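Between the sequences and the hints, there should be enough to build the whole structure, so can you do that?
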Amino acid sequence: MDTVFDIAIIGAGVVGSAIARELSRYDVSCALVEAKADVGTGTSQANTAIWHTGYDAKPGSLEARLVRRSDALLRQYVPEAGVPFEMLGGLLVAWNDDQRKALPGLLERAHQNGDTDVSIVSAEEVYRREPHLAPGALGGLWVPGEAIFCPYTLSLALATQAVLNGTQLLLDHPIREIVSERDDTYTLRGPGGGVRCRTLINAAGLYSDEINRLLGHRDFTVTPRRGELIVFDKFARSLVNHILLPVPTAITKGVLISPTVYGNVMLGPTAEDLLDKTDTGTSASGLKALWEKGEAILPELMREEVTATYAGLRAATEHSDYQIHLYVDQRYVCVGGIRSTGVSGCLGIGEHVAELLQGAGVTLTAKGEFMPVRMPSIGEAGLRPYQSADLIAADPTYGQIVCHCERVSLGEIRDAARAVIPARTVDGLRRRTRALQGRCQGFNCHAALVAGLAAETKQTPERLLQLEADHVG
Amino acid sequence: MSANQTDVLIVGAGPAGLSAAITLKRLGVKRVVVVDREDEAGGMPRLCHHTGFGLRDLRWAYTGPDYARHYARLAQSVGIELRTSTTVTGWQDESTVAITSPRGLGEIRAGAILLATGCRERPRAARLVPGRRPQGVFTTGSLQRFVYQHHLPVGKRAVIVGAELVSLSALMTLAHAGVSVVGMVTEHPNHQIAFPYRAAKWLYADLMARVPVLSGARVTGLMGSQRLTGVEITRTATLKQETLACDAVVFTGDWIPEHELARSSGVMLDAGTRGPQVGPGYHTSTRGVFAAGNLLRGAETADACALEGAQAARHIQAFLTGSPWPAQGVPLAVAPPIQWIYPNVINAAGASLGSSAFHFRVLTFCRDIRVTVAQNRKEVFTQSYRSLAPNDTVRLEGRWSSAIDPAGGAVRVGLESDR
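Protein chains in written order, with my numbering: chain A, 9 to 481; chain B, 17 to 435.
Careful, some of the hints might be misleading.
Ranges of calculated distance between the beta carbons of each label pair, as one might list FRET restraints [claimed, not checked]:
1) A:W299 - B:E97: 58 to 64 Å
2) A:P143 - B:G424: 31 to 37 Å
3) A:H140 - B:R383: 39 to 45 Å
Because the hints were derived from the structure by calculation, they are not lab data. It should be emphasised that the depicted structure is a prediction, and the values quoted were computed from it without experimental measurement. Even for Gly, the Cβ is constructed at its ideal location relative to N, Cα and C.
In structure tokens, the structure reads:
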């Protein structure tokens with residue numbers, strides 16, 4: 009409790025981690041404070057894993073500006089940091105006359121947002137690009153800049169780079185109380201321990217309204233909006249070439265079908281407002297609704313096996329735009345209402361927050377050196393360790409496959425357990441390596457992963473399973 | 017890249033693969049390579065610590081691990097090249113595969129390839145059971161590895177989803193781990209545990225008597241966020257729902273053939289079994305590629321797989337010594353309530369080595385029915401059965417297959433009432 013950090017960021021999701029990484033360029037002491045056992049475990053992990061260009065954002069909004077800026081920054085960062093991605097392009101498909109008539113408006117909006125390579129394509133062209141699509145498509149909008157990426161790796165890359173550059177990552181630190189001390193510092197308190205800081209940044213995602221209230225602000229309320237998704241077997245991958253997007257409505261971008269960087273195909277999300285910020289369960293009605301959508305868009309997809317189902321909660325608020333506010337007197341920045349473009353906007357948000365701090369008189373002096381980060385190659389588009397003769401020759405454990413469905417080697421599991429931000433649970437291992445994420449869902453490797461990670465982290469399997477139970481869900 | 021040439025490559029060192037390899041050696045085939053992605057040969061029986069393995073192939077009752085060891089040792093003693101921790105990652109061409117192992121990358125080129133990659137159970141997500149992702153959700157396979165292979169805790173009170181032979185295996189594993197079993201949930205009106213031999217019925221009578229079978233019900237949800245706290249079941253007739261408190265659930269059966277390698281080679285799959293289409297000689301639609309064992313249709317007992325492997329070996333040896341690859345032939349189409357049948361193609365092969373029987377499964381309990389086989393709507397064979405149960409494989413005599421014209425029209429296998 010003695011250290012007083014210059015800046016504390018509450019929430020190590022993709023947004024908090026991006027802010028931490030941005031600030032770690034400068035000569036300030038920074039704490040990244042996370043309630044859970046790992047980074048990127050909330051909305052940042054359970055989303056559609058699509059990197060949007062922001063072509064359809066409301067022109068002139070903060071979201072439009074930051075997503076646009078972020079897009080440019082991500083184009084450099086994602087390949088550099090080794091975050092798996094594939095620039096597949098998005099194809100918006102119009103299935104009725106109303107939707108077809110909406111396309112010119114969307115095109116104009118894209119152009120207003122500076123996305124000039126967006127174009128309208130004919131029904132014939134839609135089927136040329138996507139021959140497995142159900143009949144009845146009337147036309148489409150082609151958005152070449154839309155990409156898929158690995159959401160786990162992005163959050164981990166950002167947080168890892170922040171840590172490499174001096175950020176203190178405090179996991180298992182939920183914050184329940186914020187005390188404004190007389191010496192112009194804050195004391196953050198919670199069951200995981202306290203943190204002291206001079207400047208506070210709220211990037212608590214689903215809980216950003218609650219942190220905001222602890223500081224006396226009630227300008228927005230987060231309503232968790234559940235999105236359920238179905239992930240299909242890798243055999244479905246050849247059915248889809250691009251990100252198949254519906255024509256968006258005011259509430260949601262709608263149900264899309266997209267390849268994943270792991271070689272699967274994803275269908276979702278639903279959009280349903282909930283009250284419970286922890287309800288990340290799938291529902292019979294949600295899965296049924298997705299199934300019907302899938303049948304209508306890509307019937308052959310529904311003949312393939314399902315690999316996984318999951319649900320994530322977006323941090324929707326009553327406002328349509330981001331809720332990023334600087335309170336100079338309080339030395340507080342609220343970064344809330346990042347409803348569905350958190351991953352797409354994260355780097356722009358990080359840069360914006362640094363600018364706000366500088367504007368408020370926080371001195372940010374660049375450090376001499378800014379360490380880069382290079383994440384393990386877990387995407388299908390890159391060379392995986394099991395495919396690398398050189399890597400296996402140097403270390404045979406990269407040729408010892410443990411998770412057969414995803415072809416994850418013993419070497420990668422060891423690396424994840426010894427990483428800068430190490431895997432502490434099997435779920436953490438899954439996010440870092442893909443192990444347990446495949447078609448058998450642990451039929452073959454679950455027990456071996458528990459035993460292996462327990463040995464690697466020098467704890468009993470019982471203890472590991474307990475930690476797991478404390479943190480998943 | 018080290019290229020390797022062999023007479024026969026077998027993918028999968030389970031009962032079917034090992035027994036095929038041993039038979040090939042006995043038939044005089046010089047070089048037989050068996051690869052397996054696991055670090056030990058023997059396949060799934062290694063994980064089944066109960067007895068009853070080997071009755072039909074070895075004429076003795078072994079435990080699963082003893083049975084697996086028996087085959088692995090025998091394979092080694094007859095000079096089979098056994099490569100464990102070796103994963104086939106893809107095909108270079110129809111007779112060459114790419115492999116990865118701790119020794120590096122490589123290729124194996126073979127005169128004939130036998131796929132014996134086994135099967136897996138359909139997990140919770142693929143059954144679209146809603147809920148969160150709490151701990152305590154297993155398949156029989158993951159459960160057995162937790163309990164027998166790694167000695168990990170699994171819970172205190174379990175629900176078993178399914179009531180077929182493999183569900184009994186889950187039950188015994190849970191009993192071994194000291195877990196009490198709340199019940200076995202099956203959508204069918206009755207359990208489908210047909211013991212492969214009479215002694216087993218007596219052996220397991222006590223165990224079965226203690227576990228209630230909740231029939232006519234489906235698991236429709238998981239409760240709990242971190243640790244499983246219960247499962248929601250729905251009665252299919254009344255749609256009445258209830259919750260069974262438990263901290264472990266085991267999804268058993270509902271087999272999916274491990275057909276990744278088969279499918280990526282382009283062999284045709286059967287719509288019913290979802291394994292490769294095979295004729296009576298275990299030939300797939302790709303020249304030089306054979307398939308046997310649980311890859312063909314999901315799990316049968318180990319001895320059945322071993323006998324199949326041995327039979328496939330005879331056809332492989334015949335192919336290596338000049339027997340022509342059979343022309344594609346005519347597929348067998350099944351009509352519900354028949355779920356699948358195999359072999360599922362009638363081609364010119366097999367006759368010389370004796371026509372094997374066919375095997376099929378039904379989706380529902382059936383009484384006093386007859387199976388009919390017809391080509392071009394003309395009945396060529398019929399066989400009567402007193403009763404059939406789902407999840408229980410039934411033998412259909414095979415002598416009719418010589419009456420089928422492999423170049424002729426569609427062959428349909430259906431059920432008719434025999435009353």
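Checked hints:
1. With their beta carbons about 47 Å apart, W299 of chain A and E97 of chain B fall outside the hinted range of 58 to 64 Å.
2. Judged by the Cβ atoms, the range 31 to 37 Å given for P143 of chain A and G424 of chain B holds: they are separated by roughly 34 Å.
3. The given range of 39 to 45 Å is respected by H140 of chain A and R383 of chain B, whose C-beta atoms sit roughly 43 Å from each other.
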